[in-house]
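Model the full structure from these sequences, guided by the hints.
The lines below spell out each chain.
Number of protein chains: 4
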Amino acid sequence: MSGCPFMGRNHQLFSSNSSQPEEDDSQKGINKASKGGIVYGEYLQLDKVLNAQVLQSQQKGNRIHDEHLFIVTHQAYELWFKQILWELDSVRDLFTKNHVRDERNMLKVVSRIHRITIIFKLLVEQFAVLETMTSLDFFDFRQYLSVASGFQSFQFRLLESKIGVADHLRVAYNRQHYRDTFHGQESENLLRSLQEPSLLQLVEEWLERTPGLERDGFNFWGKLQANIEEGLKLEKQKLEEISNSEEKGDMLEDLNKQTELFTALFDPSRHEHLINKGERRLSYKALQGALMINFYREEPRFQVPFQLLTALMEIDTLMSKWRYNHVCMVHRMIGSKAGTGGSSGYCYLRSTVSDRYKVFVDLFNLATFLVPRAWVPKLDPQIHKFHYMAECNDSSYNSYSSEDSD
Amino acid sequence: MSGCPFMGRNHQLFSSNSSQPEEDDSQKGINKASKGGIVYGEYLQLDKVLNAQVLQSQQKGNRIHDEHLFIVTHQAYELWFKQILWELDSVRDLFTKNHVRDERNMLKVVSRIHRITIIFKLLVEQFAVLETMTSLDFFDFRQYLSVASGFQSFQFRLLESKIGVADHLRVAYNRQHYRDTFHGQESENLLRSLQEPSLLQLVEEWLERTPGLERDGFNFWGKLQANIEEGLKLEKQKLEEISNSEEKGDMLEDLNKQTELFTALFDPSRHEHLINKGERRLSYKALQGALMINFYREEPRFQVPFQLLTALMEIDTLMSKWRYNHVCMVHRMIGSKAGTGGSSGYCYLRSTVSDRYKVFVDLFNLATFLVPRAWVPKLDPQIHKFHYMAECNDSSYNSYSSEDSD
Amino acid sequence: MSGCPFMGRNHQLFSSNSSQPEEDDSQKGINKASKGGIVYGEYLQLDKVLNAQVLQSQQKGNRIHDEHLFIVTHQAYELWFKQILWELDSVRDLFTKNHVRDERNMLKVVSRIHRITIIFKLLVEQFAVLETMTSLDFFDFRQYLSVASGFQSFQFRLLESKIGVADHLRVAYNRQHYRDTFHGQESENLLRSLQEPSLLQLVEEWLERTPGLERDGFNFWGKLQANIEEGLKLEKQKLEEISNSEEKGDMLEDLNKQTELFTALFDPSRHEHLINKGERRLSYKALQGALMINFYREEPRFQVPFQLLTALMEIDTLMSKWRYNHVCMVHRMIGSKAGTGGSSGYCYLRSTVSDRYKVFVDLFNLATFLVPRAWVPKLDPQIHKFHYMAECNDSSYNSYSSEDSD
Amino acid sequence: MSGCPFMGRNHQLFSSNSSQPEEDDSQKGINKASKGGIVYGEYLQLDKVLNAQVLQSQQKGNRIHDEHLFIVTHQAYELWFKQILWELDSVRDLFTKNHVRDERNMLKVVSRIHRITIIFKLLVEQFAVLETMTSLDFFDFRQYLSVASGFQSFQFRLLESKIGVADHLRVAYNRQHYRDTFHGQESENLLRSLQEPSLLQLVEEWLERTPGLERDGFNFWGKLQANIEEGLKLEKQKLEEISNSEEKGDMLEDLNKQTELFTALFDPSRHEHLINKGERRLSYKALQGALMINFYREEPRFQVPFQLLTALMEIDTLMSKWRYNHVCMVHRMIGSKAGTGGSSGYCYLRSTVSDRYKVFVDLFNLATFLVPRAWVPKLDPQIHKFHYMAECNDSSYNSYSSEDSD
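Chains as they are written, first to last, in my numbering: chain H, 31 to 436; chain V, 31 to 436; chain A, 31 to 436; chain X, 31 to 436.
Any given hint could turn out to be false.
The calculated lysine-lysine pairs, modelled on DSS-like cross-linking and capped at a C-alpha distance of 27 Å, are [claimed, not checked]:
#  : chain 1 : residue 1 : chain 2 : residue 2
1  : A       : K127      : X       : K90
2  : H       : K138      : H       : K253
3  : X       : K151      : H       : K151
4  : X       : K138      : H       : K408
5  : H       : K90       : X       : K263
6  : V       : K266      : A       : K90
7  : V       : K408      : X       : K127
8  : H       : K151      : V       : K266
9  : A       : K315      : A       : K287
10 : V       : K151      : H       : K78
11 : V       : K266      : V       : K408
12 : V       : K266      : V       : K278
13 : V       : K151      : X       : K78
14 : A       : K78       : A       : K112
15 : V       : K408      : X       : K138
16 : X       : K78       : A       : K151
Calculated from the structure, these hints are not laboratory results.
All of these numbers come straight from a predicted model, not from anything done at the bench.
Here it is as structure tokens:
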């Protein structure tokens with residue numbers, strides 16, 4: 031047994047005094063790099079990327095070593111923000127243009143949303159690098175930054191808007207609207223992003239299309255309401271039969287809470303009320319679709335949609351962890367004084383670690399409405415077949431073969 | 031109790047229907063960003079960094095979504111490589127210019143080496159992002175890269191050289207010297223880096239200066255040899271007194287191995303032999319210094335030096351984990367076929383995950399030479415005092431106050 | 031807006047001098063814990079788990095602080111190994127009993143395999159904790175461990191066997207068969223695990239069932255072979271028409287390599303040969319199924335199966351990273367001397383970081399056989415419908431509703 | 031070149047058909063495990079640890095797969111909490127008994143605190159494993175847990191108390207004192223931990239001993255106050271000389287804020303006021319010591335103490351990240367309804383992610399009091415020498431040689 035697959039033999043060394051070893055697979059390639067063609071550094075435009083580190087402290091004649099880390103870390107954040115926006119735009123595009131192929135696009139949508147979560151995990155880790163800078167090191171060059179502040183990341187605001195952070199739920203920044211920080215092209219881009227459908231809105235529309243919600247079809251919501259009401263009634267009867275005790279009292283109290291909860295769930299005006307308060311974001315019908323996907327997640331038709339809902343919550347969770355890690359770092363770096371951009375730094379940032387900024391808050395709160403399996407309406411076998419027919423026609427296959435044109 | 035420190039009250043919202051809340055600390059800053067001065071995007075030169083993503087597939091009229099990820103990931107790697115080089119150069123500089131202030135620089139040296147390890151940890155994690163790309167996604171744009179290969183990262187080669195990866199221990203790449211991949215300025219820079227002292231060489235010189243090694247002073251090495259020989263002799267006597275058994279046989283065998291091991295340790299010609307084989311890299315005297323620091327690591331004088339030795343091993347370990355993670359990713363992405371740059375990819379990379387590339391291999395192998403505490407020579411109180419006098423003179427204080435000029 | 035959802039108000043403090051705040055949602059629960067029922071510590075059997083740390087050094091009258099870390103870390107590893115075995119057994123069970131419901135089980139299978147990868151990621155991270163112990167700290171209690179070695183983890187061997195590490199591909203340990211380390215019940219369990227179908231074997235059987243492989247049906251393999259042969263012929267014709275040059279020579283060489291590669295792929299005897307060498311593990315038909323799932327991964331029918339193949343590679347990758355991290359730690363801890371259990375530690379462990387131990391090596395090497403999309407046979411629409419009918423009958427629904435009985 | 035160091039040759043396989051390879055280093059050890067002595071499983075008491083997973087759902091006849099994960103994850107948390115307590119107790123012990131050897135213990139103290147931070151990092155990561163359980167999976171067995179809640183981890187409360195979380199700053203839990211959850215031995219242990227000095231108190235006493243604080247000696251605080259007052263006066267003079275402008279106004283405002291800030295810093299009654307509010311925790315003298323260590327961190331005498339202060343902040347940060355990750359997981363798992371133990375779960379937990387729970391909050395806020403290097407009092411050379419003399423006497427050496435008796 032020889033060659034690379036199991037890495038058995040010695041590898042050739044440059045040292046002249048080693049006796050000529052047998053040639054092995056690691057030496058058999060042709061070194062194309064020496065033959066021309068685009069090379070690594072040009073491809074990555076490293077002349078731009080690696081010449082973009084200008085230390086303000088050095089410009090002012092007092093080079094502070096750690097400013098380089100500050101710059102590189104922020105640039106790395108911005109690079110990854112750009113990648114997240116790239117994925118986000120492609121997902122929004124898939125949702126916008128391709129209703130008819132919902133299912134076929136699902137793997138791509140889930141994979142790209144998943145990729146965003148993986149990038150956010152890295153961004154949360156990345157604070158560890160900046161945290162190697164002490165507050166004393168930072169103090170040495172803070173003065174040169176004058177007004178440059180982390181608050182001003184245009185891409186991060188854009189990203190929030192495109193995912194669906196609600197403008198009217200944002201925390202004000204020094205009594206100013208957050209968009210006032212940006213001018214010219216940036217300000218316009220932000221404004222435009224608010225006019226385009228956000229990921230939240232697109233997901234909402236997709237959820238509203240969940241097969242099985244049709245009142246004149248499977249009528250999931252109607253059936254679910256009937257089952258739950260029946261279930262709660264039976265529970266109550268069972269409870270009333272047992273003899274009085276403190277435990278019975280507790281159980282009745284619990285049951286009453288449950289009943290209230292579900293009564294509210296099936297009351298559309300209650301939903302509107304919560305939306306106005308900012309505690310719900312999805313339309314009533316989309317909420318129904320989401321609950322449906324949760325209950326039937328093992329149906330082949332709903333497996334990948336269920337993964338999508340999970341991944342969307344993951345984005346919210348990771349963005350809030352990112353915010354919280356940011357807060358922790360700022361606390362170490364500047365204490366409770368004002369940040370470099372004039373904001374009252376720590377306090378402002380801390381106030382953004384809030385459920386107000388959770389876009390898919392409704393998906394989290396679905397956990398409140400879980401019911402015993404027996405209460406879930408039995409599935410109509412038709413649900414499997416319906417959508418499947420549509421996909422197999424020729425036009426959908428053709429569009430598949432040119433799938434890179436997204 | 032009010033204000034931010036415990037985040038007690040509601041934060042102002044943009045929504046007009048909220049009744050006017052009390053003002054809180056998060057709104058008291060002056061928004062300097064709106065007053066001019068260098069802004070975030072200019073400071074970070076984002077026009078350069080965020081406009082450096084040109085997809086070859088798009089240039090050729092067939093935009094492949096995932097090529098963007100490929101580019102951004104590699105650019106992020108290069109940004110961090112630049113930061114590592116920045117820290118590495120500063121550490122090499124501190125060692126080169128500042129013998130006299132060894133101790134005072136130690137915190138700075140250890141902190142910066144530690145920062146390099148934190149960055150490498152991030153770089154190891156970062157593979158998770160690229161691993162969201164499947165081999166099929168990669169296949170779709172591999173053809174457009176023609177010859178651009180990960181092998182060609184100039185900064186990574188430079189980094190290896192500056193740390194001290196030995197030129198003659200490198201694995202050959204398609205029978206070519208690794209430096210032949212680079213041309214012009216890059217080739218010259220690589221060559222020059224080989225002429226400057228590497229981190230390994232500077233650490234070696236610093237270890238040779240370890241106080242206590244002086245033969246006419248504390249004479250650590252001489253005392254240690256005497257103690258160990260005495261210790262082994264006593265062990266042998268004890269062993270010979272017990273009655274014969276299989277266990278006694280095993281213990282004698284162990285003791286003989288120990289004795290061989292230490293005989294070899296105290297034999298300078300054996301050391302030369304191992305250096306010639308590439309299995310040791312430090313000079314004999316530096317090795318003695320490193321062992322000394324290990325044994326007396328709790329002495330105030332040696333606490334931070336001990337941390338430095340640990341951090342140096344960490345760099346080696348993390349670089350080899352980086353290589354191994356790279357290998358794993360390449361296996362998924364291209365199987366065992368040739369890589370984009372013509373190398374036999376996987377096999378070449380796998381061969382670089384070798385102890386040949388461990389620069390501080392001697393520090394790892396110190397673990398082989400640990401002895402019972404009783405055998406460690408008692409410390410000479412002079413060792414504490416000697417170096418301390420030197421630091422407290424005026425000139426050293428002055429150089430402290432201008433410490434940022436490194 | 032009040033209550034928790036946006037965390038608006040102050041929270042009640044114990045301090046008596048705080049004026050009575052409004053009650054908020056965080057105080058409205060009933061503290062059931064004070065009412066009886068199984069409590070946290072009993073539920074987790076903490077009396078067992080937290081009283082299982084007996085330091086050998088302390089038993090011998092010389093308590094060494096760091097031995098506690100050594101014990102706890104290994105116990106945490108074993109706890110997680112048990113969880114991995116739990117998931118692995120459930121997945122093997124799902125595959126064994128439920129052919130007919132393949133698709134419906136897919137989400138569960140993928141989620142549990144995914145969970146195993148998440149646990150392995152943690153286990154890779156977990157080395158960081160043990161690495162806070164220096165070789166000197168370890169040296170202080172190594173002697174008391176006598177023969178207890180990390181090599182002896184029964185659960186880890188079991189886990190390897192159940193996934194499908196091939197007995198005959200394992201590296202020998204001090205010339206002994208690895209199973210000789212275990213006795214009695216453990217030895218029997220290991221042996222039995224070799225007689226049960228491994229995950230590899232179950233996945234193989236599942237892949238062989240991939241719809242579309244039927245020679246008298248869609249005949250994927252036959253169609254693919256025809257397309258590739260035709261494709262390569264056309265490529266060759268195109269190449270021969272261009273005028274001679276070095277480039278043409280290179281391209282012809284590449285094309286010849288490609289042709290060889292695919293000729294070998296479609297040669298069943300070549301497959302047998304590679305299986306005998308241990309370089310392939312899947313049956314020929316299973317390999318075909320895996321390639322089919324790769325090519326048609328966006329078909330709704332194949333989306334989750336494709337995720338499964340990805341997750342299986344992830345397990346292999348993470349297990350090899352685990353091994354490599356283990357090697358790195360051992361190098362720091364004991365250098366190149368023998369380990370505590372008598373093995374030549376570092377060298378033995380290093381030899382297990384080998385592709386021999388990659389169970390799903392075939393899935394990695396699929397990357398070698400990717401072809402342009404145009405060469406992939408057009409899909410037969412029947413493939414969607416076939417399996418779907420089966421699921422919607424009553425019996426499958428019934429088994430769904432009792433899905434917890436797995 | 032042969033043998034393991036560079037892993038050059040093939041490794042022996044079990045397969046009988048491999049021709050006899052040369053023996054290599056990985057096979058030369060003696061397999062002591064087969065000779066008796068304590069074996070791995072006994073040493074780790076795996077019979078206890080691996081038989082402590084009893085599923086309540088299974089007990090009730092309805093085994094739910096994911097309950098196993100729930101149990102194992104919590105047990106892993108508890109194992110690590112035990113390890114953290116082990117390190118914490120040893121550090122508290124070192125501080126309690128060893129004033130005289132402060133410096134010599136510093137490496138040990140810092141290493142153990144650092145280890146705690148590494149464990150906490152793992153515990154933060156560990157949520158990723160539990161997050162693979164969906165709210166639906168959890169719902170299936172929540173009912174069987176009745177009252178067992180994460181709130182009831184005795185070890186975690188103990189850990190908080192031993193670090194120094196202030197009893198009177200804790201958030202109440204369902205209007206109850208947190209200690210009421212515990213009974214018998216646990217309750218007593220918690221109470222006793224409140225009577226022993228916490229880590230915060232021991233660090234405080236150690237900071238108060240910082241050499242250089244003596245009023246009749248170096249008098250750091252006095253000198254610092256004088257320098258700062260002088261510095262601010264000069265700044266003001268410079269500012270007043272420039273002509274009026276908006277910018278001048280801003281700068282004057284900034285300077286006034288600075289002046290207020292430092293006036294408050296040097297006012298002991300202000301310090302008392304903040305302590306009463308719970309916004310400061312350290313004594314006034316300890317705060318001075320901490321600031322001194324920050325300013326002179328590059329002095330050999332203060333390098334490791336500075337690392338200690340950094341590591342203590344790290345603990346606070348990681349504990350609050352742990353709390354926040356816990357909150358995020360609970361939100362996914364149960365929404366905003368009551369938790370298993372009857373608490374209003376999410377809301378209660380969210381309220382504990384508060385600076386109230388930051389023990390070393392003063393160290394963070396030091397960042398507020400940084401001043402230009404020129405204002406830092408020049409160091410008295412005596413500070414280096416004084417403490418060093420004390421260490422070199424015989425008794426300290428003797429205590430060194432028996433360092434394992436901690």
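Any hints this thing doesn't respect? Which numbers, in order? Numbers 2, 4, 8, 13 - these are the hints that the structure violates, sorted from lowest upward.
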